[in-house]
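Protein chains in written order, with the working numbering: chain A, 1 to 495; chain B, 496 to 990.
Treat the hints as calculated values from the structure; they're not laboratory data.
Predicted model only: the values in this text are computed from it and were never measured.
Do not take every clue at face value.
Claimed, not checked - The calculated lysine to any residue pairs, modelled on SDA-like cross-linking and capped at a C-alpha distance of 25 Å, are:
hint	chain 1	residue 1	chain 2	residue 2
1	A	K322	B	A564
2	B	K817	A	Q142
3	A	K322	B	Q637
There are 2 protein chains.
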Amino acid sequence: MAKEESGKSDKDLFNMSKEESFSEWYLELVRRAKLVDQRAPTKGFDVLMPNAMFIWEKIQGFLNSEFAAMGARNAYFPLVIPESLLEEEAEHFEGFIPEVAWVTHGGETSLENRLAIRPTSETIINYMFAYWIRSYQDLPLQVNQWCNVVRWETKMTKPFLRGREFLWQEGHTAWATPDGAKKNVDDALKAYRRLLTEVLKIPCMFIKRPEWDKFAGAEDTISLETLMPDGKVLQAGTAHNLGQNFSKPLNIEFLNDKNEKEFVYQTSWGVSTRLIGGLVMSHGDDHGLILPFNLAPTQVVIIPILFKGKEKPVLEKCGKIKQEVEEMGCSCVIDESDSRPGEKHYYWELNGAPLRIEVGPRDVEKKNVVLVRRDTAKKVVVKDKDLMDSIVSEAGALDKALYNKAKKLLKSGIQDATKKEEVKELIEARAGIVKIPFCSTGKDGEACAEELKEYTGGGEVRGTLYPRPEAAPKGAKCPICGKAAKELVYVAKAY
Amino acid sequence: MAKEESGKSDKDLFNMSKEESFSEWYLELVRRAKLVDQRAPTKGFDVLMPNAMFIWEKIQGFLNSEFAAMGARNAYFPLVIPESLLEEEAEHFEGFIPEVAWVTHGGETSLENRLAIRPTSETIINYMFAYWIRSYQDLPLQVNQWCNVVRWETKMTKPFLRGREFLWQEGHTAWATPDGAKKNVDDALKAYRRLLTEVLKIPCMFIKRPEWDKFAGAEDTISLETLMPDGKVLQAGTAHNLGQNFSKPLNIEFLNDKNEKEFVYQTSWGVSTRLIGGLVMSHGDDHGLILPFNLAPTQVVIIPILFKGKEKPVLEKCGKIKQEVEEMGCSCVIDESDSRPGEKHYYWELNGAPLRIEVGPRDVEKKNVVLVRRDTAKKVVVKDKDLMDSIVSEAGALDKALYNKAKKLLKSGIQDATKKEEVKELIEARAGIVKIPFCSTGKDGEACAEELKEYTGGGEVRGTLYPRPEAAPKGAKCPICGKAAKELVYVAKAY
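Could you put together the complete structure from these sequences and hints?
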């Protein structure tokens, strides 16, 4: 074991404190675990490395099944949107204008009508919907696209969480009735919740955004709100009920079954690669990434402990195990590199391999191996004959432990408060989400929300619980204006 | 049957002549079969509709397995490339300059260094490779990305075949030896050939491009050349051996196993959504799309023939068949729309559903159905108990027939010639590919190739057979300059 210990002094050892320096820990981890490379030449346009794309493709696979079950089909719409078209939808687009990247030249030619690179695709997709929709028989119409979008952030960028280009999916739908649209929003939210809980092992709440924080043009915006270990919330996905706010200006009409013209009811919903950031922050520790079993590029790593002259039986045993693991459909690597065992441990911990198997000459003799779970790091001696069963059960136990830990964080991270001083104290202590009575999530409440944010140093009114907002206790008052509070709202710092 | 015949007069009937007006037939078909919508507001930025994305995703799935087997992993690189970086690689990039779309503004801010939207990603990916590669242990390095690219075409655009934005994959690799790079080019070509023959059912040839028609910066460019029914060839994919042409200007060095610095040897390879255009052109007919079984969104369509009072047993039987078909893992739709059976036939023919099943009251009584294959349109009566076996065998037979038909076209579409008049005649007759002795595919031959193209009204010297060029017969002469011809080259009009 001395040898292994010595590995700790290795210059490549990852050993950052998630507790003490969360932001540095995160930046260092996404770099060292080769999820992202920020050295690309344009700020905010990061490289998603294979380890991150692996996770993104798993997310894509899961959501494609969910979307298909909802009745949505994938399509692909143009990257660019003419400025003249955007002007038709000024209300929606105004909010995006400060962060649009503009194409002004094609080859040597200056364009008459400059082109926005899509920051989101409502405008262009609805432009096509106006062609595609004629009668109620064309409805519902549900399309989804996986694509890149560009938002010219002027604030600090951060890998996965805030970039100028990111990958996402955006679903866009049109319905004959408001109820159809509403149900679609709920279906999208449920699909996303399944993604979070079943795949990413991150619990979430549905939060309906206040009036002033909705997506431009939406009637309702509902977020999947997750709590990160640093006490900030992360919007992990959103679904918007757009009502007729796009169909009216863009003339997306249909003939209903009474042969009358009517504007369609619409929704849009999306998640992005920021989910990968949430995954890293939720589960990682001071040694590196911790990944749910199905999101790990290498699920089982085998470390042979080699002594001169005794290599052969050890490597043979490793090969046999690898074969069996792969036959179960899991990915497996034997780390035969020249590094010392300790270095190998740190490397695979950094990269979040969920299970590690150590095989030495003694293990060959005794017909067992040492099995180590990434999250607990506990070494368990397992009989050869039980190994495959143990892999399955430990993989399940790891997933469950990750979810439960995150769930505990979310539960214990919601505190009640009634006074603004309490909110300030809790927000400053990074205690998480504070639930308070509040005057209004309508336009009226915006001034109080701004004052609260200023006063607490960043605590935002995120909104009310969806679908049922919680009523404020009788006689409760808004901690800012002192007016009667109808509902409870959630306040937190946010990514 | 009278009812069905009457369907032919329906305004929605697709009935174009592929033989007589190939180009109109193609444009009308991709529109009517809802593969693409060209009404998006910016020329050359078309919408890929769900029927096309379905095919593209099948291509992605197949190639992802192939690339993984080659050792490549997916990543994602920035959409934009700073002009200053492009200038470092002027030789490569010059060719793209006339068709680059430029981003000049981020929000309200004018950018100091304007940004090219990637027309291809060699520059940006190699920029990262310079960071990632240190020693021979980092090699080979193989990444692939699925993304959109923009090339500001000034010529006529055509859906899938020539657009300003298209989707593609681009693999980029670095090797310690020239042999490694060369083998990688061959591996990529073989993967693409498997895609074409096994998935798309289109045969191809490997053609090495002449010196003047290589990818900018490549030592060798090899194309997968396919022949379309109108006598033009379509470059269905390419692989480039880049040698050290990028690693030298961009300083991508590694320490070899003798601890000496050396520049890496590189390749790149790609296919794009133009494959969908090739698929449509290769197999479609005057009634619409014909799709290989695994590329059809709806593989089996069931048409119930309903007579008043006899609907129930017919629909029950249809439901039972659908269930069995789906249990086999195939997609199936019962067309219960209000259209007449004839209209339904035309609709599903247009959309390329490979197999159609007709079920009427008589079929219920007689315990059989009528099964119709899309390509032959032959109606076969099949016993209920044999239906699933027949579906499997007819699906296989359809795929085989598509491939064989296309193979026959390619074989019979290659003609030998020795005189320029013959070449002109064959090219003008749209007879396909003409194989001729030619002076040189090196720089020396460019003038002759240009003259030949002019003389024949568009016949291009596409290159020589790869990996082994065919020797010209003894004494053979270039039909243009009359100098001794070493090799045989392939001449054709091209998309």
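Evaluated hints:
For the hint pairing A/K322 with B/A564, the CA-to-CA distance comes to about 17 Å; that is within 25 Å, so the pair holds. Simply put, B/K817 and A/Q142 have alpha-carbon atoms about 24 Å apart, close enough for the 25 Å limit, and the pair holds. Note on A/K322 and B/Q637: the hinted pairing holds, with a Cα-Cα distance of about 24 Å set against a maximum of 25 Å.
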